[in-house]
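J.: Residue numbers (our numbering), protein chains in the order written: chain B, 2 to 332; chain C, 7 to 203; chain X, 139 to 580; chain D, -2 to 273.
For the record, the hints were derived by calculation from the structure and aren't laboratory data. It cannot be assumed that every hint is accurate.
Stated by the list, open to error - Which stretches of chain B does chain C cover? Using the computed rule of at least three CB atoms under 8 angstroms from a CB of chain C, they are:
(1) 106 to 116
(2) 284 to 291
(3) 294 to 300
(4) 304 to 314
(5) 317 to 324
Predicted model, so just to flag it, every value in this text is computed and none were measured. Beta carbons: idealized from backbone N, C-alpha and C, even for Gly.
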Amino acid sequence: MSEETPSIQLPDPAKLVVSNSPHMRDKPTINKIMFTVVAAMAPALIAAVLFFGLAALEVLALCTVSCVLAEEGWNKLMKRPSTWKDGSAILSGLLLGMNLNAGAPWWICVLGGFLAMILGKQLYGGLGYNPFNPVLVARVGLLIGFPGIMTTWDKPELGAMAIDGVTAATPLGLAPGETFVQDMLLGNVGGCLGETSALALLVGGAVLIACKLIKWEVPLAFIGTVFVITGIAHVMHPEVYHSPFVHVLSGGLLLGAFFMATDMVTSPMTHKGAWIFGFGCGLITSLIRLWGSYPEGVSFAILFMNALVPLIDRSTIRKPFGYTAPAKGEA
Amino acid sequence: MLSEFLVITIGAILVNNFVLSKFLGICPFLGVSKKLDTALGMSGAVIFVMTLASLVSSLINQFLLVPMKLQFLQTLVFIVVIASLVQLVEIMLQKLSAKLYDSLGIFLPLITTNCAVLGCVVLNAKSAPESIQSTWYGATIYGFCSALGFALALILFSSLREKLDLANVPEAFEGTAISLVTAGILAMAFLGFSGLV
Amino acid sequence: MSDKPRKFKGGVHPNDSKALSSRKAIKEAPLFDSYKVIMHQNIGAPPELVVKKGDTVKKGGLLAKAGGFMSVPLHAPTSGTIKAIDKVPGPTGISVPCIEITSDGEDEWGSPFEPISDWQTADPAELKQRIWDAGIVGMGGAGFPVHVKLSPPEGKTIDTLIINGAECEPYLTADHRLMLEQAEEVVLGVAILVRILGLKTGVIGVENNKPDAIEALNKVAGKYNITVQSLPVNYPQGAERQLIYSITGREVPVGKLPMDVNCVVQNVATAAAVTEAVLKGQPSIERVTTVTGKPLVDPGNWKLRIGTPISKTIELAGGITEQPAKLLLGGPMMGIAQSSLDVTVMKNTSGVLLIAQDEVSQYTSEPCIRCGRCVDCCPMQILPATISQAVENKRFDWAEKLNVMACIECGSCSYSCPSHRPLNQQFKRAKVEIRAGLRKKG
Amino acid sequence: MSIAVIAIIAVGVLGALLGIIIGIVAKVFAVETDERIERVGELLPGANCGGCGYAGCADFAKSVVSETATPDQCPVCSKEDVQAIADYLGIVAEEKEKKVALVRCSGDIPNTVRSLYNGVRDCRSAVLVAGGAKGCDYGCLGFGSCAEACPFGAIEIRKGLAVVHKELCVGCENCVAACPKELIVMVPEAATTHVYCNSPEKGAAKRKVCKTACIACRKCVKASGEEDHMEIDGFLIRTNYENAPGPELVEAAGCPTTALRVDTLHAEGAYEGVTK
């Protein structure tokens, strides 16, 4: 017989929570995922500040603040709970900044933040529901609305504290042969903040893949497709088209492939879908770059492929483990 | 010759997409895009009607109106042709696929007044490149590709709208409002193709 | 079996926390004042009561007889009188009928049947009948009557017997200790099952985080021509379909049973119970259960009688040091949360687990960010995130098309979801609705 | 010939040609339709609630016209509506008594024992976890699956209890199927006084988890005297709907747990439950 000892404490059943299994969960939360992506972007952010000085910092800060404020303002207006702490608005803000020129006027940053958060995300119900990448909605919106401002690039200068107002063309705007792969790797070329240093972007991308935060199929298929198509074009007409290395390292390709096409919400969920998505992005980017009227096609390509995601998801439903095709005659 | 057709194809499907860049045929674009299945049916119907209308109108234009100097009758005649074609499709569809007929509902007769169809035929006859204007096959291909562009936009849009059904859209923006926003962003994405041909 | 086990796709690696109790030897629980034996402990038909209030019973005496082929009898955990035919909170939270026995303190043995010592020559049908009479059900999870699994219907043949010693659920160590301390009994039980099925050998699959158990089993396995297969650690390695795939490479078709790929899977605890029933003539009235969790003073493994209230098991473990957030029957991945301490130990209760406030998972259901973690970890290769959206919008037809019926409710998806969405619960709901729909159609 | 004449002839010939083609095709692909279906559809409420058991009003209309269903199967139609359809089709309408939904539970949050539940806020999902985490296994879970199923907004969730607003209920029975606890029954609209409890447990067991359970004290049975207003069903008293009592019975019986209630007062939230 067991002796009741007063020292033995039993749980209070009234305080026990009942819920469905499982009762444990893995560590990542939305918040942690978002901040890890921000951390992976750090090398590129630092490179941007190094090359463009305080102006870059200003643009990044303005974009981030306006994104967060736009999101919170909307939540207040719609009487929805505050969401900025999940980190997605901060991430969008930084990405938006990376998509702008260091010398972008303040109102472009604010307008961009508003477009991204309200038009791109909150109108659809907030995080997780937006069919298009909010940053790209803002970038493309600005590009169409203010093509002059959005295609003027300041000249980078290592260690400069301020931009000197000298504009530079992006490598894709130059004639073939005028560009240097080494400069592009380091970041000593014109372009938006995030296009500058290919090396920093590659480091960030590697971190993301290592942390399994993005599907490696997307950047691989994306960059690979661009490389192959521009390579073929280059071999056929070297005097007209840039070498594929220039194409891969320049413009927003790396930024787009690692940080924007891989946005979880707006890319396919299965690995098969990721291949298709990456390939589509690469194909359209190459088409626009080689023959379109815009020098840069990454944003348009990703935005277009975002629209295709529901169809890709639909067509890549996988067969479950132990799936057997229903026998003939069975309903 | 081949490159010319490629130009027509890519131009009609992507660059000068009827819905997203010419803003023709917005009515069925918004009306029949709630479900992917109906959108597919509508796309099929439009492709059929538009191709056939382009062919028939082009023939009538070349062999009847132009020789008889009756170009001023173009719009009138084209409308009659389109209306008859739609009527034919409707009658046949009701018999052949009652389900599709029911789901298309009012939008089937509305193809009659679909500005995309009339627009396509009129463009063929008036402002298209010579190769399209003067040959029946050029007109047919242009009509077919324009319809494909319409179908592409419609299918993309309907799959997006099916997804929107699951989204937590603020009440004020539910339904048509958010659909129009989406259509706008989709149009922005298509702008990237400008200058391709 | 020397060839390497296959790896199934997906799976998760939760912190197993087994160290809390894996070094604690199995202790015999003392005799308690009263036991409440839940009537319906098996999948299938409930047994039929053969005692009434006021009757006296001996330990091992019959309380209820099988109510059909898909049913098993129930036996008294100790000697005493039937105090009442009452109701207790069942493991699913709904009150269920139970037989309350007041112990007379004698613990007097009165088994309804004799040991079969010559099992190697005995008629397999007799052995099978004994397993049925002893009321043995699958002790790893669902409580499926063992004799039913051993009786393949006409036209189905069995060529492989797999014994599940994976114990992939975090925290639980009952099977581990059983394999370590009673290796011979486990292996003997497997040998008896092999004989009943008319096979030559059986395979015991054990996750390789239990090297001592594998070693202990290997020492005796050769004697009975049984093989021990070490398996990689990957939850849900112990799920029937995944286990069969790992060991044989066969995929059980969706909606079908292991029988359809000529396999029978039994738990190690079941094998040990078979040995006791055959060689000692003891019906299924006790089992090894892990009582564990960080809030407990002294977590460990106990041999508990069926019908022991959970409150008593917590007392055995020295009580608590802090108020736990949840009380579970089973492991943290598939266990059932309880809101009462009156629930009693059943034949399939492999663990009593208290989860501390700081490690509990709360479902908050933030929106899905489509990160695809659930897609990657689903061992059944379905699309949890998409199905979840379908269920949220009450599109059960859509969920069905997305193969929600293939879900084994292992919980890997909910475990990995950074948005803390109650995916598993949604799938259970969908399955219930789809089955109800099918019934309606007839 | 003037250009106008040519134009007229050309368009005329074209029109005639197309007309003939359409005529031929219409003959070949003719489909018969029944206009009565459309007319009956117009007479139906058009809410597509599915209460009749058919897939929406249009499907029901088809069945009514083909006489595989009768108009009175529509639970929403009033007597006049049914009569109108019957008159149109020239068939005899059957009399039917209007019924409304009743949630047989009075256990709102202040009066019941509940455990802490964490999961999907929906009765049919919650019931899969610990039976819905309510002390009483039979009571209303209050997550509102019935309210969601009601196309007419007749069910309100108040303090964790589903309450039917009888004046809005049209009797489509959607809520009956939605409730996982099978708590909702259809009762005659004329009946006003009901026992808001559905637990077959013994009185003492019920009281442990709910202050407003019916403990079968039979006061109401006695108060109704010879009238036979109430029926005894094990440990539960139910209203005898063949001979339903009036609201005065509540006063006369003095139900100790207030499980016996007048529906309109219950819907207004007049019963606070027992305070002692």
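J.: Look at each hint and say if it fits the structure.
T.: Going down the list of hints, with the structure as the test:
1. 106 to 116: violated (count 0)
2. 284 to 291: The restraint on the segment 284 to 291 of chain B holds, since 3 of its residues have a Cβ under 8 angstroms from chain C and three suffice.
3. 294 to 300: holds (count 4)
4. 304 to 314: The restraint on the segment 304 to 314 of chain B holds, since 7 of its residues have a Cβ under 8 angstroms from chain C and three suffice.
5. 317 to 324: Since 0 is below three, the answer is violated.
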